[in-house]
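Since the structure of chain A is already known, use the hints to place chain C on it.
Listed in order, the protein sequences are those of chains A and C.
Per this note's numbering, the very first residue in the first sequence carries number 1; after that it's consecutive.
Per this note's numbering, the very first residue in the second sequence carries number 570; after that it's consecutive.
Simulated from the structure, these hints should not be mistaken for laboratory data.
Wrong hints could be hidden among the right ones.
Said to hold, decoys possible - Partial pick of chain C residues on the chain A-facing surface, computed with a CB cut under 7 Å: (1) Pro629; (2) Ala630; (3) Asn683; (4) Phe740; (5) Ala741; (6) Asp782; (7) Asn828; (8) Val830; (9) Ile847; (10) Ser848; (11) Gln849; (12) Phe850; (13) Asp851.
Since the model is a prediction, treat every value here as computed from it, not as a measurement.
Yeah, the Cβ is synthetic: ideal placement off N, Cα and C, and Gly gets one too.
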Amino acid sequence: MKKTKIAAVALASLMSVSAMAGCTKTPGATTGTAASGETSGAAPAQVKEFSAFFAVPATTEINKDNEIQKIITEKIGAKCNETWLAGQQASEAVGVFIASGEYPDFINGGDAMKALYEAGALIAWDDYIDKYPNIKEFFSDYEWSQFRQSDGKIYWMNPFENIYGADKTTTQNGEAFWIQARVLEWAKYPKIETLDDYFKVLEEYNAANPTTHDGKKNIPYTMLCEDWRYFCLENAPQFLDGYPNDGSCMVDVNTKKIMDYNTTPTAKRYFKKLNEEYQKGVVDTGAFTQTYDEYISKLSTGVVLGMCDQWWDFAYTVNDVFKTQDTEKYGYNYIPLGLTIDKGMENQWYTSGGTLNVSSGIAITKDCKDVEGAFKFINDLLSQEIHDLRFWGVKDVDYKVDENGLYYRTEEQRKNAADPNYKTKHLCTYSYFPQWSGTSRDGKNAMMPAEQPSEFKDSLPEPVKKVFEAYGANTYIDILGSVNKAGPWYPMYSYSNNMKTDTAGGTAWTKMGECKHAWLPKVVMAKDFDKTWDEYMKAYAACKPEDFVAEMQQELDKRIAAYEAATKK
Amino acid sequence: MASNTIKPEDLQAHKKVKFLDEAKRQPFLLISSALLLIYGIIFYYIPVIGWITAFQDYKPAKGFFGSQWIGLEKFKKLFENKTFYLAFRNTLAMGVINLVFHFVTAIAFALLLNEVRIFIAKKFIQTVSYMPHFLSWIIVTAIVREVLSADGIVNEFLMNVCGNETAIDFFAVKGYFWWIVAFTNVWKETGWNAIIYLAAITAIDPSLYEAADMDGASRFQKMWYITLPSLRPTIMILLLINIGNVLNAGFELQYILGNDVISDVSKILDVFILDWGISQFDFSLGTAAGIFKSVIALILVCLGNFIAKKTGDERLF
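Here chain A stands alone, though its shape is the one from the complex (with noise of 0.2 Å):
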């Protein structure tokens, strides 16, 4: 008896300090076992595991022996074990990283960067850069120095859309109106240049044909208002007004002043359109309410006509599912139109060139035991190898080299490449690291499969290519149109992304955001439009808007004058 109730005891105290010991970890913050400083050479005999935190869901997870992950970790003695955002939102994440003061040894933050930077977690690259060919190449010194912070060290590097060589890009990456290429066929590929010409043109089709080819019935127009992705709403009237994706708001060419785009007569009548298409039945009642995922697997089943979105956010989920579906015959992909809201005006949905958004990227951290390994680990990945490895894949497994060295893959190797199956047992694309886009050093090939002109033609879904020649594209931006005007400040997003209540600005901002998601719905289902309209535009200048807008003019004369004092040099 007393037996049993000693070891009871011990049994309790047991479990209470393992509980105690279970608090102190933070899951995802296991540090990498940094083995030793040995930083050049071939594979060393023991791997380095480096961990790493990414605020963005994640599109693929792989599995942990995933096959070109093997194989690059045999090739650079290193690998990474990335953990992704689930069901938060990314400042959250980072706030609690924060809050706990501990860290992976890589992490992007999404657009808490800064955050992470006032909290002391990250390692300054200044020291770093020059050692590693690599990342040095990535940008120039003029795109480096935008990295920097207050203290005038740069503490990350933004991975995307940076061109080597000369620029392949064939897919519009950013926002458009899109519409189903079934819609155009049908509609004998009309030019549809504004609002009111498209969804003219989504009603005249879904009255013609209601449903798709397993009967289930078209949803003509939907809209993402989801957390932050609701841009998918709100930001259109900048682009209809014909100017680029600033995000949060314009940017006047020849005054240089900030425009807000939420009280434009363009944004009325955006709204008022999307108001008069909600009381026909043509937009999608559960809009609204709809979650990410609900709106991914609306837009997979292709009963969605059109809707306004960024490519990013749908094309490689949904347009994959069509692939594997095989219902891609069937006209269900989204071809971009660089609409205005008047016939004749320039737009500027597309800007060429890669967008640099300072805001973000890869950090090393101060919890990272082997910050050179981390260096080289991000260097070693942007060798065309290991490149080539990522995005590509396995030679003869995931493509071919015809005989003038040109890369290019069999259906099947297509199909593959679309397989969620595949790309988690197969494929390792490290995909929030830093890649290339344009043309690989090969100086034939594009680094990415996507932008390879012959992979991109052969791998466009029939009614696609048909558009495509209805409108004499070669590119998805060809038919967009676009003008590109966009000037060194652009883009603005990359400061107002930062922004928090600790600023006058960021409190109107704050505020003006909670407004927008309260108001934007009231506002497109109103009975009453001009009423409502009106209230919400009470309700918005409380938020003071202008306070914002005093402090973006700030941070945009700032920027014209440190590009006028670099480019004086």
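For chain C alone, kept in the frame of chain A given last:
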């Protein structure tokens, strides 16, 4: 012991001896209560030190000692924020609705279950009813979302049996949200909450029921005049404990099921703290809101206790 006469000067020594005696006989109780005490100090008292950040412009890089003291500025910022009041109202409303439903359904369920004569049926119902308690809230939100979706079971029923023409979007109507939350809580927790009442019912002296039988009381009368009054102390204590939790009206349900259309009624204090505190890295503001919640909870508990004292009921302190 009774034969000994105790002198006042011996009393002290005697007490000491008695305590040691007692202690020797129950080391297990002492150790386990000591563990509980340590647990309480570590997890409930030490974290309160963090409250000082509410009076600072707290920056994690500078820590407690390096951050600037700003007095009540964060509280001012909090009370100037309109969304805060909205969130407070919603939290209070959902908290009160949940509290009322919690008690009414758990007690009613316990009383009814107690009247079930067939032992196996009783056990079966009890097990089935408390199972949902073990589901995580994330799973429950997914179930609720599915059940109430356009092609979910509720809309199927309404359209096929009740003759509704179109599906109702339950998450787009402000009037429904609080009741969806309340009902989900009832579904998940009623069986579990009833357990304590069922236990209390078994402790009621059977002779009371036998006497009532002799007097010819019906089953309903026995329930009303014996079972329910006997449960009164249990009910009062649980009520007092739960009043303090009114502002903890849940988090996952509102966070996940809320959307822009109904944010006026779905946003609760914990979501507000997430939006304006953690997401903005304004930990001070979040802490200030947390302190506010604790103060309100303390006031509610004291008030409840005071009323219980006045009416002569069972109370906490």
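Tell me, which hint numbers fail for this structure?
Going through the list in order, the structure violates hints 3 and 6 and respects the others.
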